[in-house]
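Keeping their order, the protein sequence lines are chains A, B and C.
No gaps in the numbering here: position 43 of the first sequence is 43 in my numbering, and each next residue is one more.
No gaps in the numbering here: position 89 of the second sequence is 89 in my numbering, and each next residue is one more.
No gaps in the numbering here: position 7 of the third sequence is 7 in my numbering, and each next residue is one more.
Don't read these hints as lab results, they were simulated from the structure.
Hints are not guaranteed to be accurate.
[Unchecked claim] Below are the EDC-like pairs computed for lysine to aspartate or glutamate, each with C-alpha atoms no more than 20 Å apart in a straight line:
1) B:Lys36 <-> A:Asp461
2) C:Lys66 <-> A:Asp56
3) C:Lys40 <-> C:Glu277
4) A:Lys164 <-> B:Glu56
5) B:Lys64 <-> A:Asp431
6) A:Lys429 <-> B:Glu78
[Claimed, not checked] Covered, in the sense of this in silico footprint (three residues per stretch, anywhere, with C-beta under 8 Å from a C-beta of chain A), are these stretches of chain C:
7) 204-217
8) 227-233
Quick reminder that beta carbons are idealized off the backbone N, C-alpha and C, glycines included.
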Amino acid sequence: MTNFQHMLDGFATALEPWNLLFILIGSILGTIVGVLPGLGPSAGIALLLPLTFGMDPTSALIMIAGMYYGAMYGGSTTSILINTPGESSSVMTTLDGYQMARNGRAGAALAVSAIGSFIAGTFSVIALSLLATPLARFGLKFGPVEYFSLMLFSMSAVSSLTGKSVTKGLFSMILGLMIATVGIDLQSGSPRFTGGIPQLQDGVSFLVIAVGMFAISEVLITFEEHVRGSAPVLRIQGRLWLTREEWRRSIMPIIRGTLIGFAKGVLPGPGATISTILSYGLERGLHKEKEKFGTGMIEGVAGPEAANNAAAGGAMVPLLTLGLPSGGTTAVLLGAFVMYGLQPGPLMMSRNPDVVWGLIDSMYLGNVMLFILNLPLIFIFVRLLYIPTGILLPLILTIATIGVFSIDASTLDLALVLGFGIVGYIFRKLDVPLAPMVLAVVLGKSLEQSFRQSITISGGDLDIFLSSALSVFFLILAVAMFFLPFAWKHRNTIFGFLRPSRAISKN
Amino acid sequence: MTYVFLAATAFVIAGAYWIGITQIPLLGFGDPLGPKLLPSFLAAALVAVGCALLVEGRSIAGLKTDFTRFSTFVRTREFGLIAAVTCWTALYFTAFAYLGYLLSTSLFLTVLMATAHRGNRLVAVTVAISFSVGSYLLFALLFAVPLPRGILPF
Amino acid sequence: MTSTFAITRRKALVSSLAVAGLAAFPGLGSAQSSSWAPDKPVEVVVGVGPGGANDRTARDIERFLKDGGFTPAGSVVSNKPGGGHAVALAYTLAHPGEANILQVVGGVMLSNNILGRSPISFAQFTPIGTLFDEQMVFAVGANSPIKTAQDLVDKLKQDPASVSFSISTGIGTTNHISVLQLAKQVGADIKKIKAVSFNSSTEGVTATIGGHIDVVVTTPFALNPFVESGDLKYIAAASAERSGGLLAQVPTWRELGYDIVVPAWRLIVAPPDLKPEQIAYWDKAIAAVTDTSEWKAMLEKESLVPHRLTSVETKAYLESEDKRYRELLGSISQ
Numbered sequence: 001m002t003n004f005q006h007m008l009d010g011f012a013t014a015l016e017p018w019n020l021l022f023i024l025i026g027s028i029l030g031t032i033v034g035v036l037p038g039l040g041p042s043a044g045i046a047l048l049l050p051l052t053f054g055m056d057p058t059s060a061l062i063m064i065a066g067m068y069y070g071a072m073y074g075g076s077t078t079s080i081l082i083n084t085p086g087e088s089s090s091v092m093t094t095l096d097g098y099q100m101a102r103n104g105r106a107g108a109a110l111a112v113s114a115i116g117s118f119i120a121g122t123f124s125v126i127a128l129s130l131l132a133t134p135l136a137r138f139g140l141k142f143g144p145v146e147y148f149s150l151m152l153f154s155m156s157a158v159s160s161l162t163g164k165s166v167t168k169g170l171f172s173m174i175l176g177l178m179i180a181t182v183g184i185d186l187q188s189g190s191p192r193f194t195g196g197i198p199q200l201q202d203g204v205s206f207l208v209i210a211v212g213m214f215a216i217s218e219v220l221i222t223f224e225e226h227v228r229g230s231a232p233v234l235r236i237q238g239r240l241w242l243t244r245e246e247w248r249r250s251i252m253p254i255i256r257g258t259l260i261g262f263a264k265g266v267l268p269g270p271g272a273t274i275s276t277i278l279s280y281g282l283e284r285g286l287h288k289e290k291e292k293f294g295t296g297m298i299e300g301v302a303g304p305e306a307a308n309n310a311a312a313g314g315a316m317v318p319l320l321t322l323g324l325p326s327g328g329t330t331a332v333l334l335g336a337f338v339m340y341g342l343q344p345g346p347l348m349m350s351r352n353p354d355v356v357w358g359l360i361d362s363m364y365l366g367n368v369m370l371f372i373l374n375l376p377l378i379f380i381f382v383r384l385l386y387i388p389t390g391i392l393l394p395l396i397l398t399i400a401t402i403g404v405f406s407i408d409a410s411t412l413d414l415a416l417v418l419g420f421g422i423v424g425y426i427f428r429k430l431d432v433p434l435a436p437m438v439l440a441v442v443l444g445k446s447l448e449q450s451f452r453q454s455i456t457i458s459g460g461d462l463d464i465f466l467s468s469a470l471s472v473f474f475l476i477l478a479v480a481m482f483f484l485p486f487a488w489k490h491r492n493t494i495f496g497f498l499r500p501s502r503a504i505s506k507n
Numbered sequence: 001m002t003y004v005f006l007a008a009t010a011f012v013i014a015g016a017y018w019i020g021i022t023q024i025p026l027l028g029f030g031d032p033l034g035p036k037l038l039p040s041f042l043a044a045a046l047v048a049v050g051c052a053l054l055v056e057g058r059s060i061a062g063l064k065t066d067f068t069r070f071s072t073f074v075r076t077r078e079f080g081l082i083a084a085v086t087c088w089t090a091l092y093f094t095a096f097a098y099l100g101y102l103l104s105t106s107l108f109l110t111v112l113m114a115t116a117h118r119g120n121r122l123v124a125v126t127v128a129i130s131f132s133v134g135s136y137l138l139f140a141l142l143f144a145v146p147l148p149r150g151i152l153p154f
Numbered sequence: 001m002t003s004t005f006a007i008t009r010r011k012a013l014v015s016s017l018a019v020a021g022l023a024a025f026p027g028l029g030s031a032q033s034s035s036w037a038p039d040k041p042v043e044v045v046v047g048v049g050p051g052g053a054n055d056r057t058a059r060d061i062e063r064f065l066k067d068g069g070f071t072p073a074g075s076v077v078s079n080k081p082g083g084g085h086a087v088a089l090a091y092t093l094a095h096p097g098e099a100n101i102l103q104v105v106g107g108v109m110l111s112n113n114i115l116g117r118s119p120i121s122f123a124q125f126t127p128i129g130t131l132f133d134e135q136m137v138f139a140v141g142a143n144s145p146i147k148t149a150q151d152l153v154d155k156l157k158q159d160p161a162s163v164s165f166s167i168s169t170g171i172g173t174t175n176h177i178s179v180l181q182l183a184k185q186v187g188a189d190i191k192k193i194k195a196v197s198f199n200s201s202t203e204g205v206t207a208t209i210g211g212h213i214d215v216v217v218t219t220p221f222a223l224n225p226f227v228e229s230g231d232l233k234y235i236a237a238a239s240a241e242r243s244g245g246l247l248a249q250v251p252t253w254r255e256l257g258y259d260i261v262v263p264a265w266r267l268i269v270a271p272p273d274l275k276p277e278q279i280a281y282w283d284k285a286i287a288a289v290t291d292t293s294e295w296k297a298m299l300e301k302e303s304l305v306p307h308r309l310t311s312v313e314t315k316a317y318l319e320s321e322d323k324r325y326r327e328l329l330g331s332i333s334q
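Construct the complete structure from the given sequences, taking the supplied hints into account.
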């Protein structure tokens, strides 16, 4: 039987009324947890996993699939409405999504994120069934060397987000990389910058940084505006749904985001996050009015949201064909597979096609169900913005506290959240961009480890990065990307020098 | 001012980070670069960025306007309020484990909402208490999130 | 990182299981002839997230104890990943006298202390029993120029830096110790050996399949699926004797004339200050479950080497292993 037939069979299982009910319950639970600031899919599933213990494995996995999408939609909702990403892969959504909400287009931002997710999800479930087997071999071409070059390329894409001052952006990025070095160093086993605190041996969790830098600092800033009497009124302007114009602007970014996301998801490593960075960078690069990004451009929401979802589908390829989780959510899913007695590896798909495809199809149905559920939900969510500021802000602080505390029950995390909140507040006051720091924390660890793995393999020889075509390809992209923002800023000077060739470069 | 402040922060962080680097223990095995390479590079890069920030913000006139802006801001009511909210939140986090979720959250929300809400005080207090109880029931009892119980028996 | 999310959730589960467990086994507590039996749910602690080899052992022992009726008040596996088992060890250490807590540990407990990463010493715990050894097997990619163990030895003798090894999750693991032993036996300079660490054994395995790493050293559990699918080939095992299954045709290093036996033992420790009758209860329970035919069948199926020691023997064994680890790892610390 081919994978495609298995996929159709999976739908037969998932569409049984009883299982549909489990998807529905899972979706609702997932949404509730997902709207907690900072809790995205992987934290959300981990939080809800115990509720499935004792259930029959198929139903349990189906419910987990529902929770996954519920938490994903919930996470996008917090990114857009209160500027707090639920997972590293929704950091990019906050950049323009929250600005759209401030411009009175919260409904449109939520809608385009739902539509983007839906299209990307549909594409990736079909692509997965047709391409999983051939693509599994492609992922193997990525060793530490290729991986480092890819990470460098992603970091260079981050550096293009620096905003007005390149130095401020670099400042933010270097601080993020420094935070990423806290914890036990994998290659040498040496503890670094832990100050002897055992909780820090695994480093600072992304969640703590995201909630602190985004949610807490946002609350402080809004408090300030509230006192001054200039708190933004996030009332909806125009229609709640997408306008025809917004729809026209979103469709191409969604398609491009889907393709980038699926392709990146297939490769090992934190695929979803990188794909959102690349998608945002691409939309920004292609757009005529680059400067407008970060002020509420719908393209900047549509692309990354589609990429994020497609990457989640693509990440199933290494998970199911090699047993290799490529980041947050797939690691939790792998844990769920193991808990229900499946052995991950190259033979999992051929030995347990019913369970595997039952899960993939339920995830897709979860996506469809949330898409339908979310249309009325958007209406309710945007109502949240009508809560008086003096009530809403304290509530956000408390909900963020529950979210952070639910992870490790650690009061040290609470202290760190507040600390990062103050840092975030100062950053905003001084116009230092937050996203480079937060993304550097996510990418920094893999960047360093893959570099040192490569250097260990080569015995200290840097030429190893030029030894593979894939690696060279990404290095060239990285160099180009890194100098683009600089070149763009000084385009007049540069074009002044190159006046004769100006006509060509404009092509 | 902004730039000078950021540059000074960069130098201080780089210095503290450097002290941290000297305390990383080393093993004489494998890995030719060791755990100190990237940190050392980062410390140097941060110093470089600090210098670049100084150069970027070198204009004296800009310094002066920034400084006046800052000193007036510190004296405004907003700044005092932000400081108060931050301290109140810090106090909440400190008392969180000891007093327990229900008690500390009710206190935290009641005081904060009663001060910050511009409408009816009674509404603010009602929302604060009912949200604390409701969220506790939902998360601690339904989802079994290990929220601290503290000194209350439930 | 994500696996950490699962930890504290389990703690909450213990309480709910307690209720369920008590209802399900009303008479079992008194059915045991021993003078002590767990009156609280048994918590099997493990210092890794769901999915690893240690986690599997914890789940196995929890299941066998439950099926054998040794956990009258219920049981649960509680994953506490972080700091190379340090978080889990600290947790167990913080509950002295609580005999309902058992922790599954491996050699990392010793090496972390020796390498100065953790102040917690094995001597602070109550040893309960040794379960089995997991083997360390050397494998290469299907298309690797290294075809046999002899090829590997020749290459290492010629140039110790010409072969890269995947040692899974880091310095001080049994995977790493196996490579150190090999280098020592063939007379290669230990400091020139290229040992690469990955976030998980699977990452190291896929890097080897892709040809980025020459030799992967890890457990048959992680390797078997890929050997079955033809992506990897076993070259030698670091065990005392040959085992069955896919490993039946694979020579041990000892057969080849190199004394490399690295048992990745799994044993159970409990919090400090247990009473003698509590230790006796667990001694009896572990002896009973490891004596069942199901247990033996499981060891056989997963290529695990039987290695049963009582609580007293385990104490002595830990001391001798600590000495051996100190000698090997001492040569690499500065």
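We went through each hint and held it up to the structure:
1. B:Lys36 <-> A:Asp461: 18 Å, holds
2. C:Lys66 <-> A:Asp56: 19 Å, holds
3. C:Lys40 <-> C:Glu277: Roughly 16 Å separates the two Cα atoms, so the pair holds.
4. A:Lys164 <-> B:Glu56: Status holds; Cα separation ~12 Å.
5. B:Lys64 <-> A:Asp431: 18 Å, holds
6. A:Lys429 <-> B:Glu78: Holds: A:Lys429 and B:Glu78 sit about 13 Å apart, inside 20 Å.
7. 204-217: holds (count 7)
8. 227-233: holds (count 3)
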